[in-house]
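Place chain G on chain D using the hints.
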Amino acid sequence: MTKPVEYDDPMELIGVELPAGSEAMREMAYVLGEEFARLGFDETRLLRVFRNPFYTGPHRALRVLGEQAVEEIVAECVGIWGRRKE
Amino acid sequence: MAKVHNWQLGREMTYPYEATYPERQFAFVFNINRCIACQSCTMACKSTWTFSKGQEQMWWANVETKPYGGYPMFWDMKILELMEKANPDGTRWTSRPSGDPKAPYGQFEGRTIFEAERMLTPDSARVLGYLPTDEEWNSPNIYEDNPVGQRGAPGEYHKTGEQLPEHKTWFFYLARICNHCSYPACLAACPRKAIYKRPEDGIVLIDQSECRGYRKCVEACPYKKSMYRGNTRVSEKCVACYPRIEGKDPESKGKPMETRCMAACIGQIRLQGLVKMNRDGTWAEDRYNPIYYLVHVAKVALPLYPQFGTEPNGYYIPPRWVPRPYLRQMFGPGVDQAIERYENPDRELLAVLQLFRRSNLIIYRYEVKEGPKVYEGTLRGRRVTLYNDTVIAYGRDGEEIFRTTVEEPIYVRPAKHANSI
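Heads up: the protein sequence lines correspond to chains D and G, in order.
Going by numbering that gives the first Met the number 0, the first residue of the first sequence is number 0, and it counts up by one from there.
Going by numbering that gives the first Met the number 0, the first residue of the second sequence is number 0, and it counts up by one from there.
Derived by calculation from the structure, the hints in this document are not laboratory data.
Be aware that a few hints might be false.
A few chain G positions that, by computed beta-carbon distances, are all more than 10 Å from chain D [as the list claims (entries may be wrong)]:
(1) Met0
(2) Pro198
(3) Asp248
(4) Pro249
(5) Asn359
(6) Tyr374
Covered stretches of chain D, going by a simulated chain G footprint (3 or more residues, C-beta under 8 Å) [to be verified]:
(7) 34-43
(8) 69-79
Only a predicted model underlies this, so the values are computations on that prediction, with no experimental measurement involved.
Just so you know, even glycine gets a beta-carbon here, dropped at the ideal spot from N, CA and C.
One chain only, chain D, in its complex shape (with noise of 0.2 Å):
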């Protein structure tokens, strides 16, 4: 069931897609691994946060470019920034 728009609804939901180029996701997905892999995330924490629907940006960025690129990308990431030792 599709609610029509209320133009006077404060709470209507005006943003649009905006169009970005289909290496968009793959970037994103590499400074969510890089940003978090330099926090102390290691492999299996970060592969979480991607497979995990209420993280929606990475969980989108999983759905969209697939498990096995974003388990590159992750790997690739804790490879530079994941030797952290506590």
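Okay, now just chain G, sitting in the frame of chain D:
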């Protein structure tokens, strides 16, 4: 109108007053790649400066989701539209970014908000702008991350969050405060000359005893960081936490200290300092000042909407995943180079990025001591070599504030103390 040199535009521009520059300039760098919109900065500012009656709609510091949101609503779209009307298809940059400190981003050929004569009404107006409506001020994060629920089922939430509506495209969080511009539009527009820029640190303030609440500053500031207070009938704005900058906050023990919004940043996206100025308005070379390094040497931090012409002193490391045309509009032509360098940081940049939020004191100088090679490999087909260098931060009087390493140790709180403070 006087002629002043705007180095961010790489050219002379008109401005209502003759150029004068402070000895040092309050400036900051925000790394957008790390902002998670936790709003800690927003609340730190609110609880310090704008918690009183009459200030309810004021958020001197705010974080908005781009491209959906804005505070006040649509602020940047509205001023960009006005600029387009004033000079159709005129927003052009010529020449490429270069090493010239008087034109590092090339030259802007369009008209700034001070140069849009044919759009200015009445004739006495000095700056192109608009006055936001009350509705636009009232809901700072509306239309952004708020889930609207399932269509056709008002008031009901999904039991599993993944079915909530999501932005099926890119977005990022833009944290904003007053840019304490070198050519402030608020100051230019004030008919009472109630707004001034401090000669010692370039902080822009409104003299509350001189202001009569004409709201010309609110209309003129393109970033909409001057705000009107209804119950006192004068305007107010971000004061850059000047008692902290002066070292007069009891906590700072006489040392210059970063603002509340900087200190509260848990994402460690913020670094603020005071840069040395030349007599001609360019930044004096201060190679080992971290802000100077990020803006003029590494060139990873860029001004927000430089085409407005106010020479803002807030700089941003642009988000890597966002389409470049959008970023070029927001941060100018230096975007591609900035992202390229941030993605492939050299030893010095990696070390300087570690300076963010390790201390609340203002860093005046840093030094990098080389450490051992700890990794060699590839990232996205590029060769990467990582060194565990040490970066040392020094304060105003040359005293060491702290030192840290590129491979900083991580301490994980044990489960039984997970929520301890």
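- [ ] Of all the hints given earlier, name the ones this structure violates by number, lowest first.
- [x] 6
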